Amino acid sequence: MSTPVDETQGEKPAPRSGVAPTDTHGGVPFSNGKDIQDLMDQLRGLMDTAIATDRAEVEIAKSCVPRTWYCTAGYDAATTMERFGGLEKLTQDKFAELQGLVEPYVRTADVVEHNMTSPFARWKAAAAELASIAEEVRAMVRIPEWSGQAADAYAANTFYRADQARALADLASNAKGAVESVCIIQATLGSTTADEIFGAINDAKRNLEKWEFHPDKIRSKFDKMSRNEFFAWDFYIRTSIVESHIQSAIAGVESIGHKSQEWQKVSQDTNEKLAAALAEARRWMGSRADYITQTTVETADVCGTGFSGKNTHFEKSW
Amino acid sequence: MPTNGGMTHASGSTSDFHTSPADMHTSSKRWDDLSTRMTTLAQSMSGLDQDMRFEIVAHASATYQSMQGSAQQQTTEVSSNYHGSADALHRSANDYENTETENTSTASSTGDHK
Numbered sequence: 001m002s003t004p005v006d007e008t009q010g011e012k013p014a015p016r017s018g019v020a021p022t023d024t025h026g027g028v029p030f031s032n033g034k035d036i037q038d039l040m041d042q043l044r045g046l047m048d049t050a051i052a053t054d055r056a057e058v059e060i061a062k063s064c065v066p067r068t069w070y071c072t073a074g075y076d077a078a079t080t081m082e083r084f085g086g087l088e089k090l091t092q093d094k095f096a097e098l099q100g101l102v103e104p105y106v107r108t109a110d111v112v113e114h115n116m117t118s119p120f121a122r123w124k125a126a127a128a129e130l131a132s133i134a135e136e137v138r139a140m141v142r143i144p145e146w147s148g149q150a151a152d153a154y155a156a157n158t159f160y161r162a163d164q165a166r167a168l169a170d171l172a173s174n175a176k177g178a179v180e181s182v183c184i185i186q187a188t189l190g191s192t193t194a195d196e197i198f199g200a201i202n203d204a205k206r207n208l209e210k211w212e213f214h215p216d217k218i219r220s221k222f223d224k225m226s227r228n229e230f231f232a233w234d235f236y237i238r239t240s241i242v243e244s245h246i247q248s249a250i251a252g253v254e255s256i257g258h259k260s261q262e263w264q265k266v267s268q269d270t271n272e273k274l275a276a277a278l279a280e281a282r283r284w285m286g287s288r289a290d291y292i293t294q295t296t297v298e299t300a301d302v303c304g305t306g307f308s309g310k311n312t313h314f315e316k317s318w
Numbered sequence: 001m002p003t004n005g006g007m008t009h010a011s012g013s014t015s016d017f018h019t020s021p022a023d024m025h026t027s028s029k030r031w032d033d034l035s036t037r038m039t040t041l042a043q044s045m046s047g048l049d050q051d052m053r054f055e056i057v058a059h060a061s062a063t064y065q066s067m068q069g070s071a072q073q074q075t076t077e078v079s080s081n082y083h084g085s086a087d088a089l090h091r092s093a094n095d096y097e098n099t100e101t102e103n104t105s106t107a108s109s110t111g112d113h114k
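Sequence order for the protein chains is P and C. This note's numbering puts the first residue of the first sequence at 1, with every later residue one more than the last. This note's numbering puts the first residue of the second sequence at 1, with every later residue one more than the last.
Derived by calculation from the structure, the hints in this document are not laboratory data. Don't take each hint at face value.
[As the list claims (entries may be wrong)] Not close to chain C: a few residues of chain P, all C-beta gaps over 10 Å, as computed:
| hint | residue |
| --- | --- |
| 1 | T22 |
| 2 | E145 |
| 3 | K217 |
| 4 | E229 |
| 5 | S260 |
[As the list claims (entries may be wrong)] One side of the interface only, derived from the structure: several residues of chain C facing chain P at Cβ under 8 Å:
| hint | residue |
| --- | --- |
| 6 | M24 |
| 7 | H25 |
| 8 | M45 |
| 9 | I56 |
| 10 | T63 |
| 11 | T76 |
| 12 | V78 |
| 13 | S85 |
| 14 | D87 |
| 15 | R91 |
Source: prediction; values computed, not measured. Ideal Cβ placement from N, Cα and C applies to all residues, glycine included.
Same shape as in the complex, but just chain P (with noise of 0.2 Å):
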């Protein structure tokens, strides 16, 4: 991590239920998939209270207005309830695209749990394996009371044979480098998705706050309203609200996976030193030199990961 989140500044971060048992940073908290379905929910809930509120303000609207209102030019009934019918269904339409970009988010930091108990403390596991039998292969190299030349061609045997063992632990540790890396990637997406729609749906609660429906307020307001009043007054406040901070967090997921994110170029070198950890294993399991190397694989450097507040490695594209 080389730059580390001010987690004192900004608001409360989105929840983060899961937990990665990371080597390199110890457990990270993280915002899993469920975390960020929760929130979706709740965003879907912010909706549908914004549609039923600004429906029912119509209603009590529409039971205020004279009838000789209904012929005078200028209002037309039927299309001013299409019109909010269309918001209706903007709003609804936003919220099923960000659902839509969210999905690949979800299905992301749902396996960061699976992947570090399964194949990152399987590779560990692995790596310490093979790392032990080296060791135990270099005690071998000689035998006790033989000499000679024999001895000594099993002693190089043995020494290379002890190599192989270490290669072989270099590259499942290397292995293990990459998938905790992968992790790191993954677990920091899942808690920017939920900053994300956590961010819109803080936003949209504040906004809303001054549009409270007191439904017997409302109607003793209508009753006192002028014509032009009236038609002035902005009907579906509620829903345009929402519908505006969907469409923020929708700007927001979106900009998370583009090409220029920090997160993209980690994943290619995490890729870019695993394949010259294996190409060098590869190279050196060919051959009968001495076994050195420098290729490791690093744990991710995308800083952020479950700490609260803004993570400054994502940038905003919009």
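We have chain P; now place chain C onto it with these hints.
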């Protein structure tokens, strides 16, 4: 210290050496145990390619698959090499024992002729 007086080895070389065949058998057994552990390891690597789920972080997916295949194959090969070391030591120990037996027999028959 016993000597085989120039036994021919699996490598084809002939040299003077000293050892106890019991130690060679012990080492042979250890090589066999290590070979078994390597086989177990190779088996434990089976399916690790399918077990890893990349989802959208897929840059390293293909390399990881190759790496898993290579690691499993090489571990299997090393297991086989270790088994080969166990066999070679076992044969050498047996050769040594046979030579010792022959030497002892020759020595006693020479003594009988005296």
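Cross-check of the supplied hints:
Once the 10 Å rule is applied to beta carbons, P/T22 is consistent with being away from chain C; the minimum gap is 15 Å. Remark: the non-interface label on P/E145 conflicts with the geometry, its nearest Cβ contact in chain C lying 5 Å away (cut-off 10 Å). Once the 10 Å rule is applied to beta carbons, P/K217 is consistent with being away from chain C; the minimum gap is 48 Å. The beta carbon of P/E229 is kept farther than 10 Å from every beta carbon of chain C, the shortest such distance being approximately 51 Å.
Every beta carbon of chain C lies more than 10 Å from that of P/S260, the smallest distance being close to 15 Å; the non-interface claim holds. Because the beta carbon of C/M24 sits about 6 Å from the nearest beta carbon in chain P, less than 8 Å, this interface hint is met. Interface restraint check for C/H25: the shortest CB-CB distance to chain P comes to about 10 Å, outside 8 Å, so the restraint is violated. Given hint, C/M45 at the interface with chain P, holds; its Cβ is 6 Å from that chain's nearest Cβ, closer than 8 Å.
This hint holds: C/I56 has a C-beta 5 Å from the nearest C-beta of chain P, less than the 8 Å allowed. This hint holds: C/T63 has a C-beta 5 Å from the nearest C-beta of chain P, less than the 8 Å allowed. Because the beta carbon of C/T76 sits about 11 Å from the nearest beta carbon in chain P, more than 8 Å, this interface hint is broken. At its closest, the beta carbon of C/V78 sits 5 Å from a beta carbon of chain P; the interface hint therefore holds under the 8 Å criterion.
Look at C/S85: its Cβ gets to within about 6 Å of chain P, closer than 8 Å, so that hint holds up. Hint on C/D87 is violated. Least Cβ distance to chain P is approximately 13 Å, over the 8 Å limit. Hint status for C/R91: violated, given a least beta-carbon distance of 12 Å to chain P, over 8 Å.
Comparing the model with each numbered hint stated earlier shows that hints 2, 7, 11, 14 and 15 do not hold.
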